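**Student:** Given only the sequences and the hints, what does the whole structure look like? Please build it.
One line per chain: the protein sequences are S and W, in this order. As numbered in this note's numbering, residues 2 to 87 make up the first sequence, in order. As numbered in this note's numbering, residues 10 to 603 make up the second sequence, in order.
Worth flagging that the hints you see were computed from the coordinates, not collected in a lab. You may find that some hints are simply not true.
Stated by the list, open to error - Here are the simulated DSBU-like pairs of lysine-lysine, each with C-alpha atoms no more than 30 Å apart in a straight line: (1) Lys519/W x Lys155/W; (2) Lys339/W x Lys70/S; (3) Lys69/S x Lys339/W.
To be verified - Covered, in the sense of this in silico footprint (three residues per stretch, anywhere, with C-beta under 8 Å from a C-beta of chain S), are these stretches of chain W: (4) 107-119; (5) 163-175; (6) 227-239; (7) 371-385; (8) 389-399.
Every value quoted in this text rests on a predicted model; they were computed, and no experiment measured them. Built from N, CA and C at the ideal position, the CB exists for glycine as well.
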Amino acid sequence: MSLFGMLLNELRARRGVFGVLFFLGLAGLVGANVFLRPHEVEFVYDAYAGFWAVFGLVVGLALVIVMKKIVQPMISRGDDYYERNS
Amino acid sequence: MSATANFFVHPSVGFFALALILPFIGGKGWKWLLIVPSLIAIWSVMTVAPGNYGELNYLGQVLQFGRVDKLSLIFAQVFAVMSLIGMVYAMHVDDKLQHIMACVYVGGAFGCTFAADFLTLFIFWEFMSIGSTFLVWLARNPESTKAGFRYFMYHTIGGLFLLIGLLLRYKAVGNFAFDAVSPAHMMTYDWMILLGFCVNAAVVPLHAWLPDAYPQGTVTGSVFMCAFTTKTAVYVLLRGFHGVEALAIAGTIMCVYGVLYACIENNARRILSYHIVSQVGYMVAGIGIGTAMTMNGAVAHAYAHILYKGLLFMGTGCILYAAGTTKLDKLGGLVHRMPWVMVFYMVAALSISGMPLFNGFISKTMTITGAAEAHRTWLAIGMEIAAVGTFLSVGIKLPYFAFWAKPANDKMELKPIPVNMYVGMAMGAALCIAQGLYPDMLYRYLPFEMEHVYHPWTAWHVLQSLLLLGFSGLAFYLTRDIITPHAKTNLDFDFFYRLIGRGIMALVCKPLAWIDDRWTEAYRAAGLAGLISLARGTVWFDTKGIDTVVDGSAYTVQNVGVLGAKVQTGRLQDYLGLAATLALCVFAAVWYFA
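**Tutor:** If you want it as C-alpha cells, here you go:
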C-alpha cells in the first residue's frame, strides 16, 4: 500500500471528525446566506435565506426516496433480464 | 497562440492517415505515433484563421470540408485536446484495431465539425458511426457484440432520418448548404434532419442506445465515445437549430431524466452514461432557449463536459481495468489501493457537479443563469433539480460505494494500472481545475456576442452552489442506506425498442413462416406425388425406350459381328457354298417378286 493510500485509510478512521466539520460547514453556509443574497432574484423564492439549502435537501431526499422506493420496484428486473429474454 | 495561418491542415487528415498506415508499422515505437495527429490537430485549430478552406467536386456536388469560424473552432479545439488525452490514456493498448477505429471515429468528428454542407456532414457522420461501433465490439465479449449491433442499428436509423431529410431538402431548395434554419419556418425535411441529430444527441426518448452501449465499450474506447458522438450532435444542433422551442423543453427533460436513472443504477459506467444524457440536456436546453448566453453556456458546457466526462470514464475505466468490474455492489473499500484514481475521479465528479474551483461551475451556471434571465424559470428549476441529482449520484454515490463504503478491501485482486493511464487522467484533471480557476481560458473562445459579460466567480454564485451541493450531500447522508445500489436491470425505453424490434421480426417472420408451411404442405400433397409419378415415367421411358434402342442396337451389332466371324472360316469350299446359297436366295427373291 502506498503512503498516500495509508493516509487515506487514516482519514477513513476519523470520519466522525469530518462529519462534525460537514455539519458545521452547512450551518456556516446558511448563516452566510442570511447576510448574502442575490442582487437580482432569478426565481421567486431565492430572495429568502436558506432557499437553496431547503431546495437541495428536499429535492435530494425526494429523488432518492421516489426513485428507490417507488419507481425502481416497478421497473427493475433481474440483472440478466435481457440475456434470459433475448 | 493567435490565428495567423491562411492555410488549413484539416485535423481529420492526420487521424485517417494514421488509421491507414498503422497496420503496416512494426517495431516498438509505433505507439508514439498515436499522439501525432492530436498534436497536429491542436496546432491546426490554434493557428488557423477563420474562413472557408477546401472544396471538392464529387458527383456533380461541391463538398465543402473547411468551414472555419468561431463555433467550429471551439469544438475542434476541445476535440483535439480530448483526442490527445484519450490517446495518451490508450497508449498501453496493443490491439492496433482499437487505435485504428478510434482514429476513424475522431477523424469523423472533425469532419462533421468543419463540414459546410449536409453531404459532407453525412459522410463523416457515418464514419463516426462505424468507428464507434467497433469501439464497442472490440471489447470482444458476447455482451459487447450484441450491444454493438444494437448501437449500430440505432445510429443507422438516425443516419437514415438525416439522409431522408437532406435529400428532401435538396429537392426543395436545390442545394446541400448546412446553415441555420428559422425555427418559425421549419419544413418536414428540417424536422427529419433534426430527428437524425437528436438520435446522436441522445434526446429522450431516443437516448437508450447510450446507456446500453457505452458501458460495454472497451476501457479506452468509451473514453473517446463519451466525448465525441453527443457533442458533435450538440455542435450541429447549435449550427442549425438554435432557438427551436422543442429543444428547450426536451433538453430540460433530458437533464432530469438522466439523473433519475443514475440514482438507481448499479453499474458505474451506466451511471456515467445516464449523466451524459443529463449533461447534454443542459446543452440542448441552452440551444433551444436560443439566447447568446444560453448558447454560449451550451458551448462552454460542451467544452467542460468533454474534459470532465472523459476523466470520469478514465477513472471508472481504471477500475474496470484493475478489478474487472464496475458494478458497485461488487466494489467498495478500494480507496487505499487506488488512491490516485480516486483523486482524479473526484476532480471530475466535482466538476460535473458544478462545484466552485472546477470547470463545471463556470459552464453549468452560465446556462442556468441564461435560462433564468430569459425568464424560462421552470426550465432553470429543472436544471437545478438535475444539478442536485448529479451531485448525489456521480459526486457522492459512485465514489462512496466504489472507494469508501465497506471496510478496506485487500482481498480483491487488482491488476496494476499502466502509467500512461495516470498521465491521461492527470492531464484531464489539470484542465478541469485550470478552467475552473481561470474561466477566461474558456470564455475567450465563446462564439456568440453577449449583452453583458458573465462572471461566475461572484460571492452569491459561490454561496448558492455550495448551499445546493452541501445540502444535497446532507440528503445523501440521510438516505445512504436507501440509495445503496442493487444488482438489477432497470427497464428504460430500450425495452420498447426491443418490443418494436420483436414486433417487426414478428411482422416479417410470421407471414414468411405461414407461406413456408403452406408451401411445404402443398409440396407434400401435390408436388411430391407428381414428382414420384414423373420419376416412374422416367424410369419406364429409360427402360423401355432408351434401353431398348441403345441396348438393342448394341446386341444387334454384336450378333452380326459374331455371325460374320463364324462365316469367315478361311475354307474355299465354305465360301463357294455360301456364295451359291446367297445366289440361290437372290435368284429365288427375283423370281418370286418379278
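**Student:** For every hint, state whether the structure bears it out.
**Tutor:** Going through the hints against the structure:
1. Lys519/W x Lys155/W: The hint holds at about 23 Å.
2. Lys339/W x Lys70/S: holds (22 Å)
3. Lys69/S x Lys339/W: It holds: about 19 Å lies between the C-alpha atoms, which stays within 30 Å.
4. 107-119: With 0 residues in contact (Cβ-Cβ under 8 Å with chain S), the coverage given for the stretch 107-119 of chain W is violated.
5. 163-175: With 0 residues close enough to chain S, the hint is violated.
6. 227-239: violated (count 0)
7. 371-385: holds (count 3)
8. 389-399: holds (count 6)
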